[in-house]
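Going by the numbering used here, the first residue of the sequence shown is number 1, and it counts up by one from there.
Everything labelled a hint here was simulated from the structure, so no lab data went into it. A hint or two may mislead.
Stated by the list, open to error - Derived Cβ-Cβ restraints for the label pairs, each shown as a range:
id : residue 1 : residue 2 : range
1  : 147       : 228       : 36 to 44 angstroms
2  : 228       : 3         : 36 to 44 angstroms
3  : 24        : 119       : 26 to 34 angstroms
4  : 216       : 68        : 32 to 40 angstroms
5  : 200       : 138       : 39 to 47 angstroms
6  : 100       : 144       : 21 to 29 angstroms
To be verified - Within a straight-line C-alpha distance of at most 35 angstroms, the following computed DSBU-like cross-link-like pairs (lysine-lysine) qualify:
id : residue 1 : residue 2
7  : 82        : 2
8  : 31        : 173
9  : 175       : 88
10 : 82        : 173
11 : 88        : 2
12 : 173       : 88
13 : 175       : 31
14 : 31        : 82
15 : 88        : 171
16 : 88        : 31
17 : 175       : 2
Given the structure is predicted, the values throughout are model-derived calculations rather than measurements. All C-beta atoms, glycine included, are put in the ideal place defined by N, C-alpha and C.
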Amino acid sequence: MKEIINSEPFILAITVLSYWIGTIANNRWNKPVTSPILIAVVILIPLLLLLNIDYPTYEQNTHLITFLLGPTVVALGYNMHKQFNVIKSNLLPILLTVFIGSLVGVLSVMAICFIFNAPIELMVAMEPKSVTMPIALGISERSGGILALTAVSVATCGIFGSVIGPWLLDKLKIKSRVAKGLAMGSAAHGVGTGRAMQMGRIEGAVAGMAIGLMGIFTAIIIPIIEAIMA
1 MKEIINSEPF ILAITVLSYW IGTIANNRWN KPVTSPILIA VVILIPLLLL LNIDYPTYEQ
61 NTHLITFLLG PTVVALGYNM HKQFNVIKSN LLPILLTVFI GSLVGVLSVM AICFIFNAPI
121 ELMVAMEPKS VTMPIALGIS ERSGGILALT AVSVATCGIF GSVIGPWLLD KLKIKSRVAK
181 GLAMGSAAHG VGTGRAMQMG RIEGAVAGMA IGLMGIFTAI IIPIIEAIMA
């Protein structure tokens with residue numbers, strides 16, 4: 001029985017099933033709290049604990065989903081190509097907005113950690129919270145951060161942004177589709193971009209571009225700030 005529970009087909013099945021349940025709930029109620037990813041996480045974590053499936057086993061047996069992220073990135077590039085004229089006409093605002101967002105994201109983490117006198121390892125682990133996971137882990141490792149904490153902060157930021165982002169943009173009466181895409185992509189990286197693509201093609205294309213720019217700017221800003229503070 002233990003071998004079946006820890007097998008790749010079983011773990012893939014419960015992962016896909018959890019997300020499918022979240023999708024059904026989101027289609028039925030369409031509320032911030034019914035985000036498919038949020039529901040999948042809420043289902044999966046207790047289930048993994050109940051079945052005594054540790055994280056290394058789960059990670060190893062969901063490599064197929066990780067592999068599919070590659071074609072997903074290509075799909076984002078195709079969408080950006082289709083919306084090239086929109087991106088080109090708004091290039092300067094996009095660059096400036098993402099740069100400021102990256103700077104504020106890093107400085108806000110530093111400020112909060114200084115206020116609460118948090119260890120330096122905690123601070124550097126959370127600085128790249130708004131960057132897509134592979135880049136965030138690379139930045140954190142270079143700076144001596146705790147990689148597990150970086151992964152948790154990035155995942156939490158993405159889920160929180162995808163859940164709260166559309167609701168907050170609506171409450172603030174943000175009508176610009178470019179602005180919505182920038183907000184979702186730069187603040188909530190891949191998860192936010194997935195939600196932005198549900199909002200519209202322009203939102204999804206701009207969010208996809210924001211992911212890459214956010215990673216580049218953050219990778220440049222953090223070492224500069226560290227050098228100034230050294």
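Worksheet item: Has the given pair, residue 82 with residue 2, been kept, meaning a C-alpha gap of at most 35 angstroms?
Response: violated, 48 angstroms
Worksheet entry | 35 angstroms Cα cutoff - pair residue 175, residue 2 | violated, 52 angstroms
Worksheet item: Within a Cα-Cα threshold of 35 angstroms, do residue 31 and residue 82 meet the stated pairing?
Response: holds, 29 angstroms
Worksheet item: Between residue 173 and residue 88, does the CA-CA distance stay at or below 35 angstroms?
Response: holds, 25 angstroms
Worksheet entry | Holds or violated: residue 31 to residue 173, with C-alpha atoms at most 35 angstroms apart | holds, 17 angstroms
Practice prompt. For the range 26 to 34 angstroms, tell me whether the beta carbons of residue 24 and residue 119 fit it or not.
Written response: violated, 42 angstroms
Worksheet entry | Pair hint residue 175 and residue 88, alpha-carbon separation not exceeding 35 angstroms | holds, 19 angstroms
Practice prompt. Go ahead and decide if the range 32 to 40 angstroms is satisfied by the Cβ distance of residue 216 to residue 68.
Written response: violated, 24 angstroms
Worksheet item: Under the criterion that the straight-line Cα-Cα distance not exceed 35 angstroms, is the pair residue 175, residue 31 satisfied?
Response: holds, 19 angstroms
Worksheet item: Does the hinted range 21 to 29 angstroms hold for residue 100 and residue 144 at CB?
Response: holds, 27 angstroms
Practice prompt. Take the C-alpha atoms of residue 88 and residue 171, compute the straight-line distance between them, and say whether it is at most 35 angstroms.
Written response: Distance of about 28 angstroms is within 35 angstroms: holds.
Discussion item. With the threshold set at 35 angstroms, check whether the alpha-carbon distance from residue 82 to residue 173 stays at or below it.
Written reply: holds, 27 angstroms
The structure is inconsistent with the numbered hints 1, 2, 3, 4, 5, 7, 11, 17, although it conforms to all the rest.
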